[in-house]
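So in the UniProt record's numbering, spot 54 of the sequence shown is number 54, and the numbers just go up one at a time.
Honestly, the hints are just simulated from the structure, not real lab data.
Since the structure is predicted, the reported quantities are computational estimates derived from the model, not experimental observations.
A hint or two may mislead.
Below, in silico cross-link-like pairs of lysine-lysine (BS3-like), each with a Cα-Cα straight-line distance of 25 Å or less [what the hints assert, rightly or not]:
(1) 464 with 444
(2) 463 with 444
(3) 477 with 624
(4) 429 with 339
(5) 701 with 736
(6) 339 with 299
(7) 463 with 477
(8) 740 with 701
(9) 604 with 444
(10) 129 with 142
(11) 296 with 701
(12) 477 with 572
(13) 572 with 701
(14) 477 with 736
(15) 604 with 543
(16) 366 with 463
(17) 501 with 572
(18) 296 with 691
(19) 701 with 624
(20) 736 with 691
(21) 506 with 444
(22) 557 with 463
(23) 572 with 557
(24) 252 with 142
(25) 575 with 624
(26) 786 with 374
(27) 124 with 339
(28) 366 with 464
(29) 441 with 501
(30) 176 with 264
(31) 379 with 429
(32) 366 with 299
(33) 299 with 374
Across the chosen pairs, the derived CB separations fall in these ranges [to be verified]:
(34) 315 with 453: 34 to 40 Å
(35) 252 with 478: 56 to 62 Å
(36) 208 with 546: 25 to 31 Å
(37) 740 with 578: 41 to 47 Å
(38) 697 with 740: 18 to 24 Å
(39) 316 with 565: 46 to 52 Å
Yeah, the Cβ is synthetic: ideal placement off N, Cα and C, and Gly gets one too.
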Amino acid sequence: MFNFRRFSHEAVAVPEPDASSESVNLLASVSQDVEKTGLFLHVPSQAATRKSKTLPLVKFLLLTAFASAVFFGHPIARFAARAYNTILHCGGPNSRALIPVIHPAPVDSNQTFFPAAEPWLAKKITDRKLWKLVCSSTGTDKDGCNNVVDDNPKTDWKSATSPGSTHWIIIDLGEKYDVHSLQVVSSTKYRRAGGPRNHKVEVGLTPGDMHVVAYGAWRDLGGEFEAAIFEPRPARYIKLTVFDTHENANNKGFVAINEVNVWKMDGAPKPIPGGGRWTDTVNFPLVPVTAWLNPKTGKLVTVSSSSPSGFDKDQSPTQTILSEWDPATLRATEEVVAKTDHNVFCPGTSMDENGQIFFTGGSSSKIYSIYNLKDGWIKPQNNTIAQPRGYQGQTYLSDGRTFMIGGTWSGGDEDKHGEIYDPSINPSKQQWTSLPDISAKYIKMNESRCDPASGSTDIECVKKEWQQHHPWLFAWKDGTVFHAGPSRQMNWFFLTKGSEKVVGAKSRLNDDDAVCGAAVMYDAAAGSILTAGGAPNYHYWVKEDNRRRGHRFPATKNVHGITLGAPGHPVKTVKLASMNHARIFGNAVILPTGEIFIAGGQTKGEGFLDEECVLTPEIYNPVKGAWREATPNSIPRTYHSWALLLPDATVLVGGGGLDSGRDRTNHYDAQVYQPWYLVNGGERPTIVGQKVIDEYKLGTKISIHTEKEVDLDASLIRYSAVTHSLNNDLRRIHLKLEAKGKGPGGGFLYAADIPGDPGVALPGYWMLFVLKGNVPSVAKTVRLHK
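Taking the hints into account, I'd like the entire structure generated from these sequences.
Below, the structure is given as structure tokens:
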């Protein structure tokens, strides 16, 4: 199921080749590469060829910028930056900001249009005179691989036609660089056929010592670039292997590439001792906004909206673009999901006891649909919810029902009261019931207002429609829900049918409203919740394209600990050590060690903008009560980003963007982060029968068979779905193991008590990790049920 070895390779650190050795035979290590695949992938695209090298256009842009500055009083530098893609520094040495660009799409110094995010901290290598290229085959003498570096939009490298074959191209850069990205522009000659789809990218200092840095699937962007952006690696050689291509009925089995570019980084982010490392990049044929793991297959599923690169709201088509990535094969597929009549963008998400994901509202604000582990997408008989909504909070309950509240991004600005799904109701009837006694007034944040320091009293600062976004909801005992935020006021929701009520739980001390902060239940048996960051408002700027009109408030570093007791009783709230970095839109993951990893975000929240990005993640240790910085990455993860723990105990951090009008922030990828425990050289324990899914009833003992002795501390971490920094079903149970002696056929046996309360051990699929010297095993999937 899960190919851990792919993520366990060492970072590239090989000696430089002898400079006097002019020749390293490019063909030495590639003649045997004949890997094949039968994977077939249809990728929708709206892209077209757009190239220009006209100097008059640049002059026109500059004159327009000057005129606008004169007549509208905007800074000339701002408009010049839009024309020339000026780089601004923000957030410290490991961060950068590009001034955002609305249509037309931005251009680089060679006037090549970009439909997605560029490498954030890198520069394109413009001098390609020393480059030497070798490729797997050519169609004709005119189709040689040198055509990809001749700056001629009319010439291509076209491989020989060989259906099912693997094609490759190797670039010798002539000297060593810290390589950060490979960009490929597919040809437009063959009616959109020949563009690379499933692929892998390798780099190295010699052809015989190449390291995989990126893989996955690219969209069909004929005439525009597809990019593999990865953490910088010292390299002279780059190899692109293409496993399959975009095809049409008459053209199959060849690769056709118009241009290749390579980006380098000067001054790559430095590793932090004990801070883990960033390894591979996974490319998707869409901008992934919502993500979850299928616990039965181990595959990662992501969705965007009705388009791979943009979104709409309450409009047709009511479809969703989905990509499924298999960590075992490293390949990705794409699917257009139309049968549910549901555009699953900005929805509520929750995972039930059987692993089904419930998606509610969002772009199709009145609709809900179900992703079933066996059958895929299901359209319920009555597929409507009681109130149209988007940006709601949602969670599975201990009694088998599902609850949601809030969400005014779509479906109107009126209060979005509590609503509950009851599977016992006849499916032909509406299974979602409104709960007016669980009123939205209890979860409301304050109106957004201008920061007085901005000197603005602009009436547009005031926003009421953001008050019910992304509630933090934690299912608890006796079918209750604890509402931890992001409003400063917290609440208990009692949801017994016919006796619904709200009991206030005071506030998070001196914290402010904290929309799009992080909130996780890291020790469910103890009722321990951590909240971190967020901001009092969803948008920092009153008008992002006219910043003189003032701004609202930035994100905070605030961190609070909340301990739950009996439902309705006072909760214990304490202020914990602050994060090192303020952030909104950050994403938190619970590690098998019980620590909390948080990555990404911005110091000043603004959707579809990578300015003020936070590139340094950090880890909270609940035992020490302290944060420490982890190794920085170099790809911004801001609005619409996400993070998930993978079964091999790595973390996948991805996404960001999804706006075809501001595509400079569209990130079609995710990065694998290896925490400290996979880098320090410690031995990984192994669970016998790791690939078999066992089922346990709550309140019983879980049996564990390991190859060697392990620590007497273990972790259960629940499978869940994440979107918009919200992952309400995520929680961890700390297990105390009891040694039971030798196992049958060798190894060691252990047992642990599973909590009997479904409000603690929320029924569903969980990842079971054992540890040895705090180094976790690869997880065994178990299902807990009532």
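Hint check results:
1. As the CA atoms of residue 464 and residue 444 are separated by approximately 9 Å, the hinted pair is consistent with the 25 Å bound.
2. Taking the CA atoms of residue 463 and residue 444, the gap is near 12 Å; set against the 25 Å cutoff, the hint holds.
3. For the given pair, residue 477 sits about 28 Å from residue 624 by alpha-carbon distance, which is inconsistent with the 25 Å threshold.
4. Using a Cα cut-off of 25 Å, the hinted pair residue 429 and residue 339 holds, with the two alpha carbons roughly 20 Å apart.
5. Restraint check for residue 701 and residue 736: the C-alpha separation of about 11 Å stays at or below 25 Å, so the hint holds.
6. For the given pair, residue 339 sits about 22 Å from residue 299 by alpha-carbon distance, which is consistent with the 25 Å threshold.
7. Pair hint residue 463 plus residue 477 does not hold up; C-alpha atoms about 35 Å apart against a cutoff of 25 Å.
8. Simply put, residue 740 and residue 701 have alpha-carbon atoms about 12 Å apart, close enough for the 25 Å limit, and the pair holds.
9. In summary, the hint linking residue 604 to residue 444 is supported, as the alpha carbons are separated by about 21 Å, within the 25 Å threshold.
10. Between residue 129 and residue 142 the CA atoms are separated by roughly 20 Å; this keeps the pair inside 25 Å, and the hint holds.
11. Only pairs whose Cα atoms come within 25 Å are accepted, and residue 296 paired with residue 701 is accepted, the gap being roughly 22 Å.
12. A hinted pair counts as satisfied when its Cα atoms are at most 25 Å apart, and residue 477 with residue 572 qualifies at roughly 17 Å.
13. Among the hinted pairs, residue 572 with residue 701 is inconsistent with the structure: their alpha-carbon atoms are about 30 Å apart, more than 25 Å.
14. Taking the CA atoms of residue 477 and residue 736, the gap is about 21 Å. The hint holds against a cut of 25 Å.
15. The straight-line distance between the Cα atoms of residue 604 and residue 543 is roughly 13 Å, inside the 25 Å bound, and the hint therefore holds.
16. The straight-line distance between the Cα atoms of residue 366 and residue 463 is roughly 24 Å, inside the 25 Å bound, and the hint therefore holds.
17. Between the alpha carbons of residue 501 and residue 572 the distance comes to roughly 21 Å, so the proposed pair stays at or under 25 Å and holds.
18. Taken as a hint, the residue 296 and residue 691 pair is honoured in the structure, with Cα atoms around 10 Å apart against an allowance of 25 Å.
19. Restraint check for residue 701 and residue 624: the C-alpha separation of about 30 Å exceeds 25 Å, so the hint is violated.
20. At most 25 Å may separate the alpha-carbon atoms for a hinted pair to count; residue 736 and residue 691 meet this at roughly 23 Å.
21. Of the pairs offered as hints, the one joining residue 506 and residue 444 holds, with about 14 Å between alpha carbons and a cut-off of 25 Å not exceeded.
22. For the given pair, residue 557 sits about 23 Å from residue 463 by alpha-carbon distance, which is consistent with the 25 Å threshold.
23. Between residue 572 and residue 557 the alpha-carbon distance is near 20 Å, which keeps this suggested pair within the 25 Å criterion.
24. Note on residue 252 and residue 142: the hinted pairing holds, with a Cα-Cα distance of about 19 Å set against a maximum of 25 Å.
25. Taken as a hint, the residue 575 and residue 624 pair is honoured in the structure, with Cα atoms around 14 Å apart against an allowance of 25 Å.
26. A hinted pair counts as satisfied when its Cα atoms are at most 25 Å apart, and residue 786 with residue 374 qualifies at roughly 21 Å.
27. Restraint check: the Cα-Cα separation between residue 124 and residue 339 comes to about 43 Å, which exceeds 25 Å; the hinted pair is violated.
28. At roughly 22 Å between alpha-carbon atoms, residue 366 and residue 464 fall within 25 Å of each other, so this suggested pair holds.
29. Distance hint between residue 441 and residue 501 is fulfilled; the C-alpha atoms sit about 13 Å from each other, no more than 25 Å.
30. Among the hinted pairs, residue 176 with residue 264 is consistent with the structure: their alpha-carbon atoms are about 10 Å apart, no more than 25 Å.
31. Restraint check for residue 379 and residue 429: the C-alpha separation of about 14 Å stays at or below 25 Å, so the hint holds.
32. Taking the CA atoms of residue 366 and residue 299, the gap is about 29 Å. The hint is violated against a cut of 25 Å.
33. At roughly 13 Å between alpha-carbon atoms, residue 299 and residue 374 fall within 25 Å of each other, so this suggested pair holds.
34. Taking 34 to 40 Å as the suggested C-beta distance range, the pair residue 315 and residue 453 conforms, at roughly 39 Å.
35. For residue 252 and residue 478, the Cβ-Cβ distance of about 60 Å falls inside the hinted range of 56 to 62 Å, so the restraint holds.
36. A C-beta distance of roughly 56 Å is found between residue 208 and residue 546, which places it outside the suggested range of 25 to 31 Å.
37. The supplied range of 41 to 47 Å is met by residue 740 and residue 578, whose beta-carbon atoms lie about 43 Å from each other.
38. One distance hint, 18 to 24 Å for the beta-carbon pair residue 697 and residue 740, holds here, with the actual separation near 19 Å.
39. Judged by the Cβ atoms, the range 46 to 52 Å given for residue 316 and residue 565 holds: they are separated by roughly 49 Å.
When the structure is compared with the earlier hints, violations turn up for hints 3, 7, 13, 19, 27, 32 and 36 and for no others.
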